[in-house]
Amino acid sequence: MPRQKLRDAAFILPFFGLILIMPPFVDIFFSVRLLGGIPVILLYIFCAWTALIILGWVLSRRLVTDTDTAEPRPPILHPLPPEQRDADG
Amino acid sequence: MLTADVVVAIALGYVGLLFLLAFLSDRWSRKGSRWISNSPLIYTLSISVYCTSWTFYGAVGSAARNGLEFITIYLGPTLVFLGWWYLLRKLVRIGQVNRISSIADLISSRYGKSNTLAVMVTLMAVIGTTPYIALQLKAVTTSFQVVSGGSGDLLGNLSGDGAGGIDPALLVAVGMALFTILFGTRNLDANEQHPGVVAAIAFEALVKMLALLLVGLFVVFSFGGLENLFPEEMSRRLLERENVFGGRWAVLTFLSATAIICLPREFQVTVVENARESHLRTAGWLFPAYLLLICLFILPIAAAGLTRLPEGANPDMFVLTVPMAANQEMLALFAFIGGFSSATSMVIVACIALSIMISNHIVMPVVLRLRWLRLYDSADLKTLVLFSRRFSILLILFLGLLYYRLSAQTEALASMGLIAFAGVAQFLPSLLGGLYWRQATARGAKLGLMGGVVLWVYTLLLPSLAEDGTVFGEIVSHGLFGWEMLRPEALLGMTGFDPLVHAIVWSLTANTALLIAGSLFSEQAPLERLQSALFVDVFRNTPGDESRALVRSAAIDDLRLLSRRILGADAADRQFRDFALRQGRDDGVPVADTAFITHLERQIGGNVGAASARVMISEVVSGETISLDEIIRMVDETQQVIEYSQALEANSRTLEQTAAQLRQANQRLMRLDTEKDDFLSQVSHELRTPMTSIRSFAEALLKADEMPPDQARRFMRIIHDESLRLTSLLDDILDLSHLESGEVRWQVERLDPETAAISAIAACEGLAAETGVRVDHVPADTAAAIRGNRDRLSQILINLISNAIKYNDSAEPWVRIESRVEAGRWRVDVRDNGPGAGDVAPDQLFSKFARGWRQIAKGRSGTGLGLAISAEIARRHGGDLSLTESSEQGSCFTLSLPVTH
Chain A
1 MPRQKLRDAA FILPFFGLIL IMPPFVDIFF SVRLLGGIPV ILLYIFCAWT
51 ALIILGWVLS RRLVTDTDTA EPRPPILHPL PPEQRDADG
Chain B
1001 MLTADVVVAI ALGYVGLLFL LAFLSDRWSR KGSRWISNSP LIYTLSISVY
1051 CTSWTFYGAV GSAARNGLEF ITIYLGPTLV FLGWWYLLRK LVRIGQVNRI
1101 SSIADLISSR YGKSNTLAVM VTLMAVIGTT PYIALQLKAV TTSFQVVSGG
1151 SGDLLGNLSG DGAGGIDPAL LVAVGMALFT ILFGTRNLDA NEQHPGVVAA
1201 IAFEALVKML ALLLVGLFVV FSFGGLENLF PEEMSRRLLE RENVFGGRWA
1251 VLTFLSATAI ICLPREFQVT VVENARESHL RTAGWLFPAY LLLICLFILP
1301 IAAAGLTRLP EGANPDMFVL TVPMAANQEM LALFAFIGGF SSATSMVIVA
1351 CIALSIMISN HIVMPVVLRL RWLRLYDSAD LKTLVLFSRR FSILLILFLG
1401 LLYYRLSAQT EALASMGLIA FAGVAQFLPS LLGGLYWRQA TARGAKLGLM
1451 GGVVLWVYTL LLPSLAEDGT VFGEIVSHGL FGWEMLRPEA LLGMTGFDPL
1501 VHAIVWSLTA NTALLIAGSL FSEQAPLERL QSALFVDVFR NTPGDESRAL
1551 VRSAAIDDLR LLSRRILGAD AADRQFRDFA LRQGRDDGVP VADTAFITHL
1601 ERQIGGNVGA ASARVMISEV VSGETISLDE IIRMVDETQQ VIEYSQALEA
1651 NSRTLEQTAA QLRQANQRLM RLDTEKDDFL SQVSHELRTP MTSIRSFAEA
1701 LLKADEMPPD QARRFMRIIH DESLRLTSLL DDILDLSHLE SGEVRWQVER
1751 LDPETAAISA IAACEGLAAE TGVRVDHVPA DTAAAIRGNR DRLSQILINL
1801 ISNAIKYNDS AEPWVRIESR VEAGRWRVDV RDNGPGAGDV APDQLFSKFA
1851 RGWRQIAKGR SGTGLGLAIS AEIARRHGGD LSLTESSEQG SCFTLSLPVT
1901 H
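Order-wise, the sequence lines are chains A and B. Residue numbers for the first sequence follow the working numbering, so the first one is 1 and each next one is one higher. Residue numbers for the second sequence follow the working numbering, so the first one is 1001 and each next one is one higher.
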């Protein structure tokens, strides 16, 4: 995926998570009935949570920061050329 | 039964282990070993100082009381960390570039290094944190009593007498003070980073997680699986509440998301202690995973507590009492250590964060105002800073202990934590406004913070402290001055809301509104404008940009004196030497230019806070001017860079597309080129064969003087036939090239295509009769009309039919011409039972240049260009010609043409 799209995805991810855990979506799965010994609503929240973590993991491996690719830029200094320095000194 | 002595001994042993770990880590990092600051895992674990004893004990309690609600406290931080790329990365970058030492420092720096703001934030942080520290002390005491059986009543007796009459809280407070002073204020580090502390709290993070997981696993297994632990009735009892996902659910999620950014201790570990920005990459998913593990067994433990323990047992202590009820003393002890870890790590980090804030923003400004401590005196400020840090730590712990002693009420742990969360949430508007809104001003931030805090105190803190019959109680039940409209829990008649939701909505709305209004109606001071440009555009500015806008000069000796006093002689000299080298000077004395002064101010700011550093530097600096034009130019340039890079990106996308198209075109051209070569060699070959035979027969005729006339005649016939073939080949090539270049014009008329088929069949009758092939014609049911040239259409069909007849070598050869009208097209199939077209690819069959042509034409009369010409004619009619079937039992060509209406 191109870099900009990855960044957009990284921006969307927490909002996507928010939609998953907020009503009305979470209401759909609200049930105290058991599925394999676990209440359905609990199962839903933990599954959604795990999915978000996995997505976050995948994204974090692909997102590239400028600090990863380049050395940190040194502050801009304006060193005097040697001959001028001598003249000053 | 565990005795108090054993528990104390083990807790002391554990603390000793922490001291050892911190001591060793400190020593390693001092020797230059970087494994602590290099490890994203340790960084992530240290962030989990978020999970205090409020989590360790309180989450189960909250789950037992309020069901699913506890999980919101962990979902909010999960979302914030998943979005690390946008918010946390910016915070960390700003923190590193500007050497930010605390959240108060960040907010004050952004708003023009305002000391007033720093003091406000610091005071608020102290107010919000003290009860929280008290909470940790209380948790340690209570859990100690529970695990050592010091008191049968789990909550009533808080003045623990288990440890020989000494309150465990006091012991813990003293121990933590010692630890924090030793490892948190050992020296003044330019980055405020404490590897020893970080290593210790990362270790504690592991311990508390393991303890919770072990208790959880024990519960699940001792009940023989989840089915027994969680019967549907228990699930109903725990989870079925009215309106679970209502306003409180949303507000708690929001609050916890805010807390992970704004809590001073979280800011300390996430931003200040961050050694590398790239660690966020790991923390972004690993910290949510840590929280998930913490939450995994909370509900099972709550369920076990409700099932196994007698009615009325304190749910806040289930983590301990459940294993104890099953006589698992070692597990209970481990759980106690886990809870102890979560409490101590919070206390340590909170103390460090607060002590930095207090010494930088309250003590230092006072010191700087006192005449006798001014710059040219010889007092060593570094020692003073360290001393004020240590004093602050003692003060904070003392306040916490005091609060703990005074608030003897048996309040649930959870509500105290939430009140603190709501308090620090007041930092959020100023923080986010400062990071993303260029125009936010210090006036706005002050107003917002003030308004938010006042409302927080009035709507949340006051009711929590109020008891019936006191002045506070009176206010809570009847409103300030007896005005019902001002009732703290129903402000302006806003009733029907949960008190927490009510308080958050009021305080944060007022806070944000005041920030916005205050910013809109006030002007930024020059320094503020510079700082806002530096913060909001932190990813786009070139370091050193600000030195363009902020011009000042100073005597190098003054600077040296000042920095030696703050940083210490060694560190200061190192800074001077390094910077001199960067300036290209080898005498070790840097030029005191704007860049150097800015650099030095940041270094000093890392130790005493930006506001104090500015005051100090201003003492020695002369002729400071802040050029507004330069600031505006900086902002403009940033804007231009953004636009330019966007344009560049768009450009490169178009270029990429064009390049791809060119590549395709090139491939096509190369293919055509090979095909053309093939064709030329084939045509030469085809032309050469008749030419050779013509030449040889002509030579024979010329040489042989006395050739019998009938033989000469035969030779001449051959020459004639061959030249006819040559001509027809050349005709075909010409025809095809004319067709393809579009030079041929023919008369187009409306006609019934069936007539073209009939005339084509008629033209082939002679050939069919000669070879004994049966030709059937099955015309379409409905008549169709097309636009085209009858002769040319017949040409196609003649070509198809004659090919079918000529190459049909089956025993009972037949050719069937079957036409039909479907989907707006007239289609005609020319089917035969001949040998088929072999394995030639269909698209090559109709290509004049194709290699397949050679195979088809082999051993056949005719030029072999017929199919290419037919296909071209069909195309020019808007139709197409294709091979629809081909096998050893026969083949079928289909011509399809659009019908006109």
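Wrong hints could be hidden among the right ones.
To be verified - Here chain A is said to cover these stretches of chain B; the calculated rule only asks that three of the stretch's residues, wherever they fall, bring their Cβ under 8 angstroms from a Cβ of chain A:
| hint | stretch |
| --- | --- |
| 1 | 1078 to 1087 |
| 2 | 1244 to 1257 |
| 3 | 1275 to 1287 |
| 4 | 1872 to 1883 |
Treat the hints as calculated values from the structure; they're not laboratory data. What you are looking at is a predicted structure, and each value in this text was computed from that prediction instead of being measured. Beta carbons: idealized from backbone N, C-alpha and C, even for Gly.
Take the stretch 1244 to 1257 of chain B, compare each residue's beta carbon with every beta carbon of chain A, and decide whether three or more fall closer than 8 angstroms. Result for this restraint: holds, n = 6.
Please check whether the stretch 1275 to 1287 of chain B has three or more residues whose CB lies within less than 8 angstroms of a CB on chain A. holds (count 6)
Coverage criterion applied to the stretch 1872 to 1883 of chain B (partner chain A; beta-carbon cut 8 angstroms; 3 residues): n = 0 at 8 angstroms, threshold three: violated.
Using C-beta distances, would you say chain A covers the stretch 1078 to 1087 of chain B, given that this needs three or more residues below 8 angstroms? Our answer is that it holds, as 9 residues pass the Cβ test (under 8 angstroms) against chain A, meeting three.
Hint 4 alone, counting from the list given before, is not met by this structure.
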